[in-house]
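Number of protein chains: 4
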Amino acid sequence: MSGFWGNKLKISIFGESHGKGIGITVDGLESGFSVDFDEVQREMERRAPGRNSMSTARKEGDKVEIMSGYFNEKTTGTPLCGVIFNQDTKSKDYTTQQILMRPGHADYPGHLRYNGFNDYRGGGHFSGRITAPIVFAGAICKQLLQAKGIEVVSHIKAIGEVEDKQIDYCSIDIEEFKKAQSKEMAVLDDEALLKMKDKILEVKQQEDSIGGVIECAIIGVPGGVGNPFFDSVESTIAHLAFSVPAVKAIEFGKGFDITKLTGSKANDEYYYEGDVVKTNTNNNGGITGGITNGMPIIFRVGIKPTPSIYKEQDTINISTKTNDKLKIVGRHDPCIVQRAVPVIEAIAAIGIYDLIK
Amino acid sequence: MSGFWGNKLKISIFGESHGKGIGITVDGLESGFSVDFDEVQREMERRAPGRNSMSTARKEGDKVEIMSGYFNEKTTGTPLCGVIFNQDTKSKDYTTQQILMRPGHADYPGHLRYNGFNDYRGGGHFSGRITAPIVFAGAICKQLLQAKGIEVVSHIKAIGEVEDKQIDYCSIDIEEFKKAQSKEMAVLDDEALLKMKDKILEVKQQEDSIGGVIECAIIGVPGGVGNPFFDSVESTIAHLAFSVPAVKAIEFGKGFDITKLTGSKANDEYYYEGDVVKTNTNNNGGITGGITNGMPIIFRVGIKPTPSIYKEQDTINISTKTNDKLKIVGRHDPCIVQRAVPVIEAIAAIGIYDLIK
Amino acid sequence: MSGFWGNKLKISIFGESHGKGIGITVDGLESGFSVDFDEVQREMERRAPGRNSMSTARKEGDKVEIMSGYFNEKTTGTPLCGVIFNQDTKSKDYTTQQILMRPGHADYPGHLRYNGFNDYRGGGHFSGRITAPIVFAGAICKQLLQAKGIEVVSHIKAIGEVEDKQIDYCSIDIEEFKKAQSKEMAVLDDEALLKMKDKILEVKQQEDSIGGVIECAIIGVPGGVGNPFFDSVESTIAHLAFSVPAVKAIEFGKGFDITKLTGSKANDEYYYEGDVVKTNTNNNGGITGGITNGMPIIFRVGIKPTPSIYKEQDTINISTKTNDKLKIVGRHDPCIVQRAVPVIEAIAAIGIYDLIK
Amino acid sequence: MSGFWGNKLKISIFGESHGKGIGITVDGLESGFSVDFDEVQREMERRAPGRNSMSTARKEGDKVEIMSGYFNEKTTGTPLCGVIFNQDTKSKDYTTQQILMRPGHADYPGHLRYNGFNDYRGGGHFSGRITAPIVFAGAICKQLLQAKGIEVVSHIKAIGEVEDKQIDYCSIDIEEFKKAQSKEMAVLDDEALLKMKDKILEVKQQEDSIGGVIECAIIGVPGGVGNPFFDSVESTIAHLAFSVPAVKAIEFGKGFDITKLTGSKANDEYYYEGDVVKTNTNNNGGITGGITNGMPIIFRVGIKPTPSIYKEQDTINISTKTNDKLKIVGRHDPCIVQRAVPVIEAIAAIGIYDLIK
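Residue numbers (this note's numbering), protein chains in the order written: chain A, 1 to 357; chain B, 1 to 357; chain C, 1 to 357; chain D, 1 to 357.
Hints listed in this document are in silico derivations from the structure and should not be mistaken for laboratory results.
Some clues are possibly wrong.
Identical copies look the same in the list; a pair holds intra-copy or inter-copy alike.
[Stated by the list, open to error] Pairs of lysine-lysine, DSS-like flavour, derived with a Cα cap of 30 Å:
{"#": "1", "residue 1": "K204", "residue 2": "K327"}
{"#": "2", "residue 1": "K63", "residue 2": "K20"}
{"#": "3", "residue 1": "K20", "residue 2": "K197"}
{"#": "4", "residue 1": "K265", "residue 2": "K179"}
{"#": "5", "residue 1": "K183", "residue 2": "K199"}
{"#": "6", "residue 1": "K165", "residue 2": "K195"}
{"#": "7", "residue 1": "K63", "residue 2": "K148"}
{"#": "8", "residue 1": "K199", "residue 2": "K327"}
Given the structure is predicted, the values throughout are model-derived calculations rather than measurements.
In isolation and in its complexed conformation, chain A is listed as follows (with noise of 0.2 Å):
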């Protein structure tokens, strides 16, 4: 199925990219919590579009309408439902959406999935743009999460080959994550971003696109979060993180890199300070065995550069059954790891607060 997911919380999803209204059922928030709207707004934003040279044209308020479970300010503890009505859908000839499928992007499989009738227009459900409510959802869990004292900071690992700095796993300067927040796009360092920002720019003028990474750290989650097989903590990050489109890639802790390691290296050796138990590596990401064990989760994901470029492709016409071309028109991003990021966090709180309820 693909628009609920959920054990103790649950949420399930709806809307097209030209439709009449994307948005979101939360159900299995705790009761009496009072959301700092104002908040969640600045989270939708640093998702929306048109912030800037880098992003799409497209301007969306991404202004959300609570439609149930929230009284007398606060949470009911009944399903809340959240919806953003479309404003800024160009109305215009979508027939070439229809018939020439975009390369790198759901048109075919979802033409297949669907028998020919999903909404072609803008990736209709496929568009990146139904992150949008996920990111509501998630900014709600990560309210619900610091009132726990946790965390969920993250930044752009990489953009192409250009690399932010490295991050201590053990120890996670919050500030510093939150201060990178602020700035044009989420980089620690900033001699990397203006590296990334050359990057996507020369990519944009070039009619083409670049992906990057981006680097999630959850911070103050005890240890003892989650389970063994099946609903391990990372098999709840990843399915959450694969769902987000252009993720195609996702470790934990040196992730791929810790297979080159031996053991020895590897294992991340415990201490005591104080009562409190730790790692002197965080190899592991803060999960072995599936649950936490009280250090910093980190995980990484992969984003893949945006499919809709300027620059002409080959690809298939499914109406006349033959090869053609296609030169994809519109706004769109040269690079959608920036908008990503608040995406990224807010899959990281959903889980998380689903696993800690």
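Could you slot chains B, C and D onto chain A? The hints should help.
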């Protein structure tokens, strides 16, 4: 919940390394299917310990007894349960395992998660041994998929820094993979195999261990399988992959490397080969928008080095609440990657069967 | 979890009686189906308040706005969300509802469940009004089932002690049921209808209320639908039926009366009518072993009298923690049974569509 | 899916009447709980066949072997699996069961559901014998609930037309119920018991069978347990109850009879008894709006007469596709109600434990 998974196919696992037995219940199998149990047993043996100098000396036949769901040599369609009774459980003093937390293992997180009541003998329910029932269920799913023209194959892509040959994502040579299965390790290139073996024996001699990467290909899945968002093909396979102990990373298609490409290079352009839609590259690993496009599904998982090593390690003693030293004795693998190969194929088969059913 | 249900079809509801809006997201619908929304609206109106002297004076058009999942006059197959914006929500002082717990209502249990944070205005999320979105989803499922030759019909079997005619479980006259739908109440026998109406107006005059029984038949479901044990047809329908406020009982076929028969009378003996397998009685209501046998599915639900009555009642004041008196003012139905008829048909359609998909 | 159930507690069953064994895996139990297995075994024996003149002569010790999840005499918190190996499976010719469909049984629906591949010997997976593992899991849940001050008790409310005494829904005499458990049948009134026994022996002599009603009370559940709509207490218990073979009806509180009352009689008025909230009647069976109010939960299930009778019956021969006659031979119960009592208590305990966890 730890031990239950699935939508249209459901599985539930149970068991501990040194308990009475381990097993799996599989519900939602089609009725009337003749399982080749000799083939199932061969899959079990690919995972079983004690096969050569590179794995633990523990010997388990891993003979599965069918409790239900199979009648007159065909699946009934009602729950099929397979049990493996534990045999070679050396009785010994497990006190050390109770108080000295093995680094890299689930001992400490498991202790927290279950308030100290989990079975600590040999890792208990966290033992890699519990993957045997998963291989059993996966072996049945593989046969069910084969009957639909779908093959699941894999090879060891890397042990430490040693890499196997690069495969062609667009055109998988199934026979080459099957041939590799009968080798000492599932490696395509014989020279790479020797180097990998050398590496494993080297770390073994150093009382250490090493990790690696398994690359899996699923061929023959028609386009249109999977879902947008929460039950994407990637979400389904990743969820199951991270249920396998020691997996710390997964990537589809070019994975993390796709983030370094420009969109014009990353996008897999479509073309008609006769009536069949293909892509000229397969950087997305056969999946866009969470749904298959008909090309081979390609993914890689990173397996960390076996955390059990003979070398002395620092750790904590949770009884005395002091820092301590630990030298792990007993039998264990210097590298678990080769034994994880059939497990990864099993979860791939289980995931795809659930999606395709 | 309160608001989520389903396996192959999934639904999630949201909303409160006096909030901004109520709605439902439906996932797993087949793509390419043209919904007759006029027919959907007729179903909505069967449930809507304010239709005649026997129901509440509250008027709601219950006009559903389609947010997503419907494109070019066909289902897309992706989540379909329908929203009803609340209109006729009289602004008034709800203080009484907050502190004086209405007997027979969810006020007090809801207060406990949500620690006092639930929306108490008009019952909030517990309002029978939230069944409107269920009728909407059910109306679509009914049309999907009709396209497969399956009809869902029902009648008011009883209001208080007044009973409608006995139907033939083996042979349902669909036309007779459809004719009854257009009557003031869905009663097959006109004399019974008049007596029922008299009964309702009598209790209304007494500032009291009355309950009743709805009998539902599902015709055309082939044999072999359903499951043994946990997802039996009865389990599925009963689960959904008890989701409907005021339902306190359900029985299939002869129900409780079958317990008084001997096996030789109770057993439905099979016979071939040409190639078709039938039973000469249908005491089991078309289901044995949790699975359909091809005969009409028959079930009855018992609906309790509307708990909202004008008569003064004893209750508690949770603010002063003292015993108190309550006289409920405002608009309410002396009998809810006639408005529950389309709700019961809706859950029957939803349940069967999920099982049959 | 047939054999899997649960949210916070999950169970999966497997097995056939004449297969190797039957069993259940239970996941989500709290860790560190000492199960009284003698008490569990007593529950198993309450259900077991062959206890007296009123039940089948088949003898099964129904001894459960614990495969996992129990260590050092405490639950580990990881999946607990219990297996019962079948012993007294008379080897005989089952050809008749394959082609002559027993009326009232699952033979024919099961044949359709599984395309003829289901195990037909003794009903296979549809056998009432598969309720033994459910009693096992329920017995553990009962003990877990007892530790929280919650008792699950029940009595045979009726065999055919013979009724046991009316209980006081507001005040359950647990000792009276426990005393009844040690009687030949769980009946409160001794005279009623004798009449019921006479009735059963009478139908037995007539080569026939009879049904009955079981009434169950759950005492000590605090108010505020359950959910509005889809996971109401009634939905949860009803779902599980209809998983039990032969159950055809369920009602809560006054059930169908509440439909005949006026609201002023039906509503359970609240009052404070000291600090404790009570109701002066309990017509709603302790549940309003799907959530408990702190009063005893009361429900009744209707059990149909055993479909296996010695009397000759009309039926179909699916091999010749002709109408035929059937005389069932072998061992079977003239009344299953008394053996179903612990099964109903088990599902009540499982359902409440899941909701309360």
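Okay, the hints, checked on the actual structure:
1. K204 to K327: within (15 Å within a copy, 56 Å between copies)
2. K63 to K20: Both. Shortest intra-copy (14 Å) and inter-copy (15 Å) distances satisfy the 30 Å Cα cut-off.
3. K20 to K197: neither (34 Å within a copy, 43 Å between copies)
4. K265 to K179: Result: close neither inside a copy nor across copies, 33 Å intra and 34 Å inter.
5. K183 to K199: within (17 Å within a copy, 46 Å between copies)
6. K165 to K195: Only inside one copy: K165 and K195 sit 13 Å apart there, 34 Å across copies, limit 30 Å.
7. K63 to K148: For K63 and K148, the Cα distance is within 30 Å only inside one copy (27 Å; across copies 42 Å).
8. K199 to K327: within (22 Å within a copy, 50 Å between copies)
In summary, the structure is inconsistent with hints 3, 4 from the numbered list given earlier, while agreeing with the others.
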